[in-house]
Each structure stands twice: as structure tokens, then as C-alpha cells.
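In order, the protein sequences belong to chains E and Z. Quick note: the first sequence uses UniProt numbering, first residue 1, plus one each step. Quick note: the second sequence uses UniProt numbering, first residue 1, plus one each step.
Everything labelled a hint here was simulated from the structure, so no lab data went into it. Incorrect hints may appear among the rest.
Have a look at the derived ranges for each label pair, beta carbon to beta carbon [what the hints assert, rightly or not]:
hint, chain 1, residue 1, chain 2, residue 2, range
1, E, S219, Z, G132, 27 to 33 angstroms
2, Z, I95, E, E177, 55 to 61 angstroms
3, E, T104, Z, L73, 39 to 45 angstroms
4, Z, P62, E, E177, 45 to 51 angstroms
Cβ coordinates follow ideal geometry from the N, Cα and C atoms, glycine included.
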Amino acid sequence: MNTTVKTLALAGSLALILSACGESGDDNASGGGELAGSGSGDSCVIEAPVPVGAALSLTGAAASYGESQRKGLELAAEQLAEQEGVTYELTVEDDATDPRQGITVFEQFAEDQSVIIGPTLSNGAFQAQPIAQEAGVPVVAISNTASGITEQGDYIFRVSLTEAQVIPQTVEISKEEFGLEKVVVMYSNDDAFTESGYDVFASALEEQGVEVLDTLTFSKADTDFRALLTEARAAEPDAIVVSGLIEAAIPLVTQARELGIEVPIIGGNGFNNPQLMSETGDAAEGVVVGAAWNSASEGELNTAFLADFEEKFGHQPDQFAAQAYAGMTVIDHAVRAGCSGEREAIKENLGAVSDVETVLGTLSINADRDAEHPAVVQVVEGGSFTPLN
Amino acid sequence: MQQLLNGLFLGSIYALFAIGFTLVFGILDRLNLAHPAVFAAAAFVGIELVAVGGLSIWVALPLVAVFGAFLGLVIERVAFRPLRGRPDAHFAGLIGSIGLGGMFIALLLWRYGPDTRRFPVEAFPSTAFDLGPARVTLLQVAILVISVLLMAGLTWLVARSRLGRAMRAVAENPRAATVLGLNVDRVTATTFALSSALGAVAGALFALNVNSAQLGMGTAIELKGLAVIIVGGMGSLPGALVGGLILGLAEVFAVQYVGSSWRDLVAFGLLFLLLVVRPQGLFGSRRVREV
Numbered sequence: 001m002n003t004t005v006k007t008l009a010l011a012g013s014l015a016l017i018l019s020a021c022g023e024s025g026d027d028n029a030s031g032g033g034e035l036a037g038s039g040s041g042d043s044c045v046i047e048a049p050v051p052v053g054a055a056l057s058l059t060g061a062a063a064s065y066g067e068s069q070r071k072g073l074e075l076a077a078e079q080l081a082e083q084e085g086v087t088y089e090l091t092v093e094d095d096a097t098d099p100r101q102g103i104t105v106f107e108q109f110a111e112d113q114s115v116i117i118g119p120t121l122s123n124g125a126f127q128a129q130p131i132a133q134e135a136g137v138p139v140v141a142i143s144n145t146a147s148g149i150t151e152q153g154d155y156i157f158r159v160s161l162t163e164a165q166v167i168p169q170t171v172e173i174s175k176e177e178f179g180l181e182k183v184v185v186m187y188s189n190d191d192a193f194t195e196s197g198y199d200v201f202a203s204a205l206e207e208q209g210v211e212v213l214d215t216l217t218f219s220k221a222d223t224d225f226r227a228l229l230t231e232a233r234a235a236e237p238d239a240i241v242v243s244g245l246i247e248a249a250i251p252l253v254t255q256a257r258e259l260g261i262e263v264p265i266i267g268g269n270g271f272n273n274p275q276l277m278s279e280t281g282d283a284a285e286g287v288v289v290g291a292a293w294n295s296a297s298e299g300e301l302n303t304a305f306l307a308d309f310e311e312k313f314g315h316q317p318d319q320f321a322a323q324a325y326a327g328m329t330v331i332d333h334a335v336r337a338g339c340s341g342e343r344e345a346i347k348e349n350l351g352a353v354s355d356v357e358t359v360l361g362t363l364s365i366n367a368d369r370d371a372e373h374p375a376v377v378q379v380v381e382g383g384s385f386t387p388l389n
Numbered sequence: 001m002q003q004l005l006n007g008l009f010l011g012s013i014y015a016l017f018a019i020g021f022t023l024v025f026g027i028l029d030r031l032n033l034a035h036p037a038v039f040a041a042a043a044f045v046g047i048e049l050v051a052v053g054g055l056s057i058w059v060a061l062p063l064v065a066v067f068g069a070f071l072g073l074v075i076e077r078v079a080f081r082p083l084r085g086r087p088d089a090h091f092a093g094l095i096g097s098i099g100l101g102g103m104f105i106a107l108l109l110w111r112y113g114p115d116t117r118r119f120p121v122e123a124f125p126s127t128a129f130d131l132g133p134a135r136v137t138l139l140q141v142a143i144l145v146i147s148v149l150l151m152a153g154l155t156w157l158v159a160r161s162r163l164g165r166a167m168r169a170v171a172e173n174p175r176a177a178t179v180l181g182l183n184v185d186r187v188t189a190t191t192f193a194l195s196s197a198l199g200a201v202a203g204a205l206f207a208l209n210v211n212s213a214q215l216g217m218g219t220a221i222e223l224k225g226l227a228v229i230i231v232g233g234m235g236s237l238p239g240a241l242v243g244g245l246i247l248g249l250a251e252v253f254a255v256q257y258v259g260s261s262w263r264d265l266v267a268f269g270l271l272f273l274l275l276v277v278r279p280q281g282l283f284g285s286r287r288v289r290e291v
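Let the hints inform the model, and build the full structure from the sequences given.
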């Protein structure tokens, strides 16, 4: 399955030709397929399109996330091509939510791509990213939230906030808003992502002095949570804290409200999905989620992104699409900063990314190669996420 | 009290699923492993009928049953009949049905994509009653009533009707049944259709009950269905019913009294113990073969 997206829009190519003509005296510009360009920042001109490979989960368990990411990347590449000077040739390959296939895709990308995006899940990232590190190709992780991703090497960068960055804020602000004293914690214990989310929740709750009445576990394949929720209800908590993926979140929230549990339900990153409201109706009211992306942000970049995405794909973007889009923004910034589409230059400038405006807010890459930008704690009110803080 | 009801509702769906499983096994001595795929397919088709077709759930459910019956005929025709003559027909049919089930799931993936789907929120009124400390929704009551009616109807059908007599004759000895002038092929096909129709209704009800339908939902319940029919006694209809309820209750009480992490261990451990004590299953009779 190979969906190569040539993003040499007509307007983009015209602009390229025009600006190339304007600088005909420059030696660098006449290289023919050169990745090193001339100028810098907005005036940077690189003749050849910069090859960007994205290894996403387009099929398999994480397919709904990968699909969002693909759309976010395509929209970004298309829009970047409309700006003068630099274009990107985006190649999206499917890792089938299988770390082994992720490795194969990375090996292929290591041969001809300037920068690699992905993979979708942290599980796959731990296995595939060392290949890029070995080959000296910079990687931008756009959705991995597990800790240790960027510790794999100095070519691995990440624009997605980790659970460890988001969850403590979620717990702190919820405690202030709802006066939490005692909670019941639920999480699926057969998934690395939700389990690490649980660990962060547990330590954040302890730090804030919130009592945990009971800890209940379920399997990521479970869909009937009534027995667990009945237990949770009996403990009479001030809120229920859940670390689970969206597939579990929707039935869990529905069944909780059905059983008459009216307290806030505080979720991890998996809950941060507009499907939660569209698929559970009124039941989602009072669900609290910490997120890396504030979909309701009034920022100019974000409102334009929402409108453009809606127009191109006919539905609202989710956080995965927003982070993918921001990933391309950051890459474009790094490429233009050094005005070069070559691996070493991109790596160098990714590390120097500081205060870049993205749809996620003002973003910087810190010394650990992790992104830092404001998180948002949102509560579902009247059918949509509203910032709590 | 609430947990008792939770277990009862969960168990009634397990039972409805298992009863379709056990029907084919009891009468034809074949294990149809495409049954879980029918379960999943029915949920997705039911959702499409309600969400896109705009039908009421009460119209959609019978249609889902018809769709299931059709799949049952396909399964019999494609996975079982061509292999009937082989000396290892039991095993060949088993493998054939696994293959066909995989194809059904692949077709679902192609038609609906990998996303989890659900019935629209307004598909069923969200009325709830308070029974003392427990809370029951209208939907759960409806599911219990539908399951019990279908199972009672099936038991009556097999025990009393002309078709049921023919089924039992085929179960006893297919060759003798042919000699007696029964159309064995037709009885076989009808059995598959009935079985899959029940599995299909179970799938749609399950998706309605948990507000979620996934491609893997059949696989998740398959093992439980097999456990239920083994505990109930292979081929026994009341056995599947009681076995389903026992498994549902065991899971729920494992959560309440032992801990959520031990649910499957306790529930399946209990079933295993039952088998050790009563190897033929609750309602099974030891088969006596005279040489």
C-alpha cells in the first residue's frame, strides 16, 4: 500500500520557477535537484522537493489514529507547497500497527528520505526508531507519548507532549475545580500506553494528596464495564479517573451514566477525541481530559487549520491530525532555518527549534529533544470540549 | 443486587450466542467457527440499517436475523457442504469455517473500515428504572426478554415441531434419516440458517448493549461461547442457556469479590472445575456407542 503524494502544486512550482529566475546569479540554485538551498527562513529556496517519509498505522488496531495523521500531513504538505521556495514530497507508508512492518518501512525510508515521521504508536517507535538513528536520519515523532522515546538517540525528536507532561496538570486543575478528595482509578492493564498513563495518574494523585479508594483493571478488548462501574459506584468517589483508549472510553462513559454515576470522569490522552461526544451523546457531559491540542483555541493558525481541514476532508480534525500538522510546521521551520533539505542540517536545526508558532501553540524543542508547549485541560460541556482552566 | 442483574444481562447474551453455536454442533456434529464473524457482521449491518437506513430498531432486528440466516446458508454451502464427503469432514469443516469467517471479517473491513461503530444515541430510549439499590435500563430488559423468547422458541421448535423432529432424526443418524425420506440437505441448511440468525441477533443486541461494535468483537466472545457450550454439555440447548448465565454471573462476582484483574482467571477456573466434576457438562449425556 503506497500512497505517494506529490505535493508539487501548480502554484508552488510556478513560484519556484519565478524565484529561481530571480536569483539566477546564485551558484547554489542552479544545481538541479540540490537539497541545499540559498537564502534563509522565508526567503529560502531549495530546488528539489525535500523527501519526507511517514510511517503511519493505516490499517490494524491503530488505523483510526493513522488515518487522522495522514490527513493532517497531507494538508500541511499541500499548504507548505503553496509558500515560496521549499516543497515537500510526502511518502506515506503503512506499518499495519505491527512493529515488524514498522522496521521494514523505516529501513526503506533510511535509504532515500531526508526526515522520517512516525510511527503512530509508541510500541512501534521503540523498535523502528533505532534504525533511523543508526542511519543518521532525523525522526519527528508526532503522536508517541510514552517516556523514553527521545532517549533512543540524538536523531529522535518529538512534537507530541508526553502523558507525563499532560496528566499532572489535568489532576491539579481538576482537583482545584471539583475539590477532589477521593477517587476510583480504572485502567486497562494489558496495554503499554494505558498502563504508563496509569502510573503517571497514580503518582500525580499521590502528589496532590487525593485518596485512591479503589483501583480497577480491565482489558483493552473489553466493552462491558458494568460490573466494574458498579464497584466504583459503591465506593462513592468524587470522580472516576480512567486511563484507557477511545475504544474503551465510549462504552465506559455510556455505561457509567446509565448506572447513575454523575461524578466527573477524568480521562487520559485516549479520551481526547471528538468521537467521545458524537458517539455517547449526553453521557459525555462532565468528562475531563488533558490534551496537547486545544481544539477551541482562537489562535489564528488554529482557526485556519480547522476551516481548511473541514473543507478538504469534510469533518473536524482530532488531536492526531493537529499534531501531524504541527510536525510538518516544525520540520518546515528547521529546513528553512538552515535552508537545507539535507539530513544533518535538518537534525541540527530541529534541535534549535524555539518559540515556533504552531496549531498546538508556541512550541520549543528542549535539550531532551522533547516538545514543550502549553497543555490544556478541557471538560465536555454542552457537547463540546471547553477549557477548564 | 446490581451485580446480579449485570451478570444476568451479560449472561443472556453469552447464552444467545452460544445457543446458535451448540445448535449446529448438537444436530450436525460440526463446529462452525464462522459463527463469531456472523456475530460481528450482524452488528455492523444492524448499525447501518438504523444509522443510514433510518429504520427503527424493531424493524432492524428481524432484518438482521434474516441477514444472519442468509450468512448461515452461505456458510453451509461454501464451508461445509463441499467438504462433506471427506473422511475427515469434521476437521475440514472446522478449518473451512475459520477461513470463511476470516473472509467475512475482511469484507467488513473493506465495507466499514477499521473504526469502532455504534448505534446512534437515539436508537433506543434511554429510560432507566430504579429497583431498590439497583438500576436497570429498558434496553437491558428488552435484551433479556428477546433472548429468553428466542431461546424458548427454539427449544419448542426442536422439541415439538415437524422441523424439529426432522432435525433430531438427522442428529441421530443422517443415513437413516435419508432412508426415511427426509431431505437431509434441507434440514442441514435450515439448521445453519437458524443458528446464524440467532448469532446475528446476539451480535446486534451486544453492540446495542455496550454501545460499541468492533471487527474483533466476535473473537472476543468466541472463547466464551465455546466454554459455555462445553460446560452446558455439547449440543444441549438448556445447557447453553444455563452455561451462559453461569459464565456471566461468574465474571461479575469475580470482579466484586476477588478483584478485577482476576476476572478471567476466576471465571474460567470455575468453568474448568465444573468440567472436572462433571466431564459431560451440566446437561450433557455421555454418549454410548455400541459396537
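Taking the hints in turn, this is what the structure says about them:
| no. | hint | result |
| --- | --- | --- |
| 1 | E:S219 to Z:G132: 27 to 33 angstroms | 31 angstroms, holds |
| 2 | Z:I95 to E:E177: 55 to 61 angstroms | 57 angstroms, holds |
| 3 | E:T104 to Z:L73: 39 to 45 angstroms | 41 angstroms, holds |
| 4 | Z:P62 to E:E177: 45 to 51 angstroms | 48 angstroms, holds |
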